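*Asks:* Spelled out, the chains give:
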Amino acid sequence: MALKPTVREVLSRLQSQGALPADAGDKAAAALERWHREHGASPWYLRVFVGVGAWFAALFLGVAIGMLLILTPFAASPLSLIPLGAITIGAALALRHARSGDFSSQLALAKSLAGQGLLLLGVGGITGSLLIGAVVALIVSGVLLFSFPDPIHRFLSALGACCAALFLLHQVGSWPAVEVGAVALAAALHLVFHQEAQLRRDELARLVTPTGFALVLAVFGVLLARTSGGIDALGFATSSLAPTPLLTVGLALVSLVSAWRILDEHGIEATSTAGALALGTLVLCAALTLQTPGVIAAAGALALAFHRRNGLLLGMGVVFLLGFGVLYYYDLALSLLAKSGAMLGSGVLLLALRQLVLRRFTADPAQEVA
Amino acid sequence: MNQPQLDLPATPERLRVLADSGVLPGDTHDLALVISVESPSALFWRRFLSIGLLGLGSLLVLSGVVYFFAFNWAELHRFGKLGLIAAAITASAIAAWRLGETLAGQFALLFAAVLVGPLLAVYGQAYQTGADPFELFLGWSALIVPWVALARFGPLWLLLLVLADVGIGLYWEQALPWEGHGAQAALGLTLALLNGAAWAAHEYFAFREVRWLQSRWLPRVLALMTVAPALAVAAWLTVAPDDGTFAHVACLLLVGAIVALTWTFHRRVRSELFFLTLDAFAVMVLVTIFLGISLFRGSDDTNDWIGATLMMGLLILGQLAAAVFWLRSESQVRGGEEA
Numbered sequence: 390m391a392l393k394p395t396v397r398e399v400l401s402r403l404q405s406q407g408a409l410p411a412d413a414g415d416k417a418a419a420a421l422e423r424w425h426r427e428h429g430a431s432p433w434y435l436r437v438f439v440g441v442g443a444w445f446a447a448l449f450l451g452v453a454i455g456m457l458l459i460l461t462p463f464a465a466s467p468l469s470l471i472p473l474g475a476i477t478i479g480a481a482l483a484l485r486h487a488r489s490g491d492f493s494s495q496l497a498l499a500k501s502l503a504g505q506g507l508l509l510l511g512v513g514g515i516t517g518s519l520l521i522g523a524v525v526a527l528i529v530s531g532v533l534l535f536s537f538p539d540p541i542h543r544f545l546s547a548l549g550a551c552c553a554a555l556f557l558l559h560q561v562g563s564w565p566a567v568e569v570g571a572v573a574l575a576a577a578l579h580l581v582f583h584q585e586a587q588l589r590r591d592e593l594a595r596l597v598t599p600t601g602f603a604l605v606l607a608v609f610g611v612l613l614a615r616t617s618g619g620i621d622a623l624g625f626a627t628s629s630l631a632p633t634p635l636l637t638v639g640l641a642l643v644s645l646v647s648a649w650r651i652l653d654e655h656g657i658e659a660t661s662t663a664g665a666l667a668l669g670t671l672v673l674c675a676a677l678t679l680q681t682p683g684v685i686a687a688a689g690a691l692a693l694a695f696h697r698r699n700g701l702l703l704g705m706g707v708v709f710l711l712g713f714g715v716l717y718y719y720d721l722a723l724s725l726l727a728k729s730g731a732m733l734g735s736g737v738l739l740l741a742l743r744q745l746v747l748r749r750f751t752a753d754p755a756q757e758v759a
Numbered sequence: 018m019n020q021p022q023l024d025l026p027a028t029p030e031r032l033r034v035l036a037d038s039g040v041l042p043g044d045t046h047d048l049a050l051v052i053s054v055e056s057p058s059a060l061f062w063r064r065f066l067s068i069g070l071l072g073l074g075s076l077l078v079l080s081g082v083v084y085f086f087a088f089n090w091a092e093l094h095r096f097g098k099l100g101l102i103a104a105a106i107t108a109s110a111i112a113a114w115r116l117g118e119t120l121a122g123q124f125a126l127l128f129a130a131v132l133v134g135p136l137l138a139v140y141g142q143a144y145q146t147g148a149d150p151f152e153l154f155l156g157w158s159a160l161i162v163p164w165v166a167l168a169r170f171g172p173l174w175l176l177l178l179v180l181a182d183v184g185i186g187l188y189w190e191q192a193l194p195w196e197g198h199g200a201q202a203a204l205g206l207t208l209a210l211l212n213g214a215a216w217a218a219h220e221y222f223a224f225r226e227v228r229w230l231q232s233r234w235l236p237r238v239l240a241l242m243t244v245a246p247a248l249a250v251a252a253w254l255t256v257a258p259d260d261g262t263f264a265h266v267a268c269l270l271l272v273g274a275i276v277a278l279t280w281t282f283h284r285r286v287r288s289e290l291f292f293l294t295l296d297a298f299a300v301m302v303l304v305t306i307f308l309g310i311s312l313f314r315g316s317d318d319t320n321d322w323i324g325a326t327l328m329m330g331l332l333i334l335g336q337l338a339a340a341v342f343w344l345r346s347e348s349q350v351r352g353g354e355e356a
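Residue numbers (my numbering), protein chains in the order written: chain L, 390 to 759; chain V, 18 to 356.
Hints are not guaranteed to be accurate.
[Stated by the list, open to error] These stretches of chain V come out as covered by chain L in the derived footprint (C-beta under 8 Å, 3 or more residues): (1) 45-58; (2) 65-78; (3) 197-205; (4) 249-259.
Just so you know, the hints here were simulated from the structure itself, not pulled from any lab data. Please read all numbers here as calculations on a predicted model, not as lab measurements. Don't be surprised by glycine CBs; every beta carbon is placed ideally from N, CA and C.
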């Protein structure tokens, strides 16, 4: 079972609808072969490799420029870092727009990251205000998300914008505001992937993937930070958090709306057996894991990933579901024996649910669509 | 094995290429986008839910059983403890036999294999055998070999390899009188060779078109498990070459051999850009550490430090660009990205 339909399958569907001529397959193969010879492949792990490498390079470049500035009279005040950072970002933008070769792309990426670092250091040094720094970071990230034509940079800009926005919320309303922000980001995540086909039709097409995955990391980053280990590491007091069930309810609502949209796309009523089973399972999952909001969030992301046939999001959903599942049972204030019972009970419940799904919804090959 | 371009996933990027070349004009491109992200059919959803619920449910039941015995229920007689685990293993094995080569059957056998560990632990505790932990892991892995061979199930093979790795690691720490960098390096080399042998065996039988070995996730995990220990040891050699032993040098040569062999595999057998990306990463780590040590060791004052830091940034960029250029060239040679 391949997750995503192949180019051949998509073309066959279009031909069966009369939207394409019979020789479209040959032309498509020739076009893809030509493009591949010119550009090569760029799978996700290659992009991660490039992104991480550019980060390291930017770190060294930024440190070198910083050390150089410290030694020069011009750098007597942080004021010098702002124009230097802006010029560096501008130069990186110009380079990236002018050239798309591998070295130029990496250099532009590293320069832009280094320039943003210098700019934020300058703003922080002058104002002494993290709030203003976060506002500047949000604006810069937002502008570069639209203007910098590189998918890795767009992802980093979107992630930077999410982090800046969450930080601003924390400054304004402490952790409860951050949690409201996390629910909003989760809703945005589901919206982006549900509307993926529509969004890819226009100028926003190239922003969809970077923004979608930045939202995933932002949401689960907040949920991880919210665990007992994360709170201790960040130096916050648990009393500053809103009651956890509220966050779980918020994320559950997002997952439920998303599930309802999936059912709607299949023409299944929410009140039908299948609809009630799907929505009821999500409600039960949220109810049983009220103290670990990551579980319902991950379950929702997993369903969304399969719905939109996104392998990378599916993998991330599995990892987060397993991770938060472990946290859930670890955090249970029960003896080992009681935890054992809880796990056995949950496991048997899931296996019983599987049997219900298999018996109630029999496999009909006629329903399988190419 | 190379795939024709049309049998690759219909990603938005490929559909954009077809739109730009005129194959998918205007509204047809929009339709294609909708089809490419359309929700899978009810049959696929059923299969997805079946696999997901089976995996999670089995994991929870297994964890519950392990926790039960971790509780170390003192009131239960040792025969009772051993009997319960043995009964669970027997029931799982029978379930695996009855369910056959279905996914449920394979998970049942995985369940039984995992329970062998707690059985040995309880046995050692009940009879105070004085066995070292490494004996438990090595014994565990030896006992499940017949099931692993029969199951033809990737996760079970991975479990066997992980148990063997842990057993060997514990043996090195607990049983051998050898200490220091040389011992650590020898351990790294041993693990790399063991995992590498497993990786090579997988690729050999996959090439021979053994059906259950056609998925690519397992060899990629095995590749990571092979390169990681070898790279860690080889990286140490670049930091402290004077402390290097035979094992350090062997690991460095092993990394080189892996690069050469995976490149040949990619060129002659099947497109595997993941392996080449791993190779590029390994070489970059070694080169960067070596050059970094050389640059910073030779820096005497602040200006030298600044120059060295700047050089490091540019060196990383240069290596990155070279790696990306090489990887894209290799993907073009083979004609397409694997699914």
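*Asks:* Each hint: holds or not?
*Replies:* Against the structure, the hints come out as follows:
1. 45-58: Our answer is that it holds, as 14 residues pass the Cβ test (under 8 Å) against chain L, meeting three.
2. 65-78: Answer holds; 12 residues pass the 8 Å Cβ test.
3. 197-205: Result for this restraint: violated, n = 0.
4. 249-259: With 0 residues in contact (Cβ-Cβ under 8 Å with chain L), the coverage given for the stretch 249-259 of chain V is violated.
Against the hints set out earlier in the document, violations occur for numbers 3, 4.
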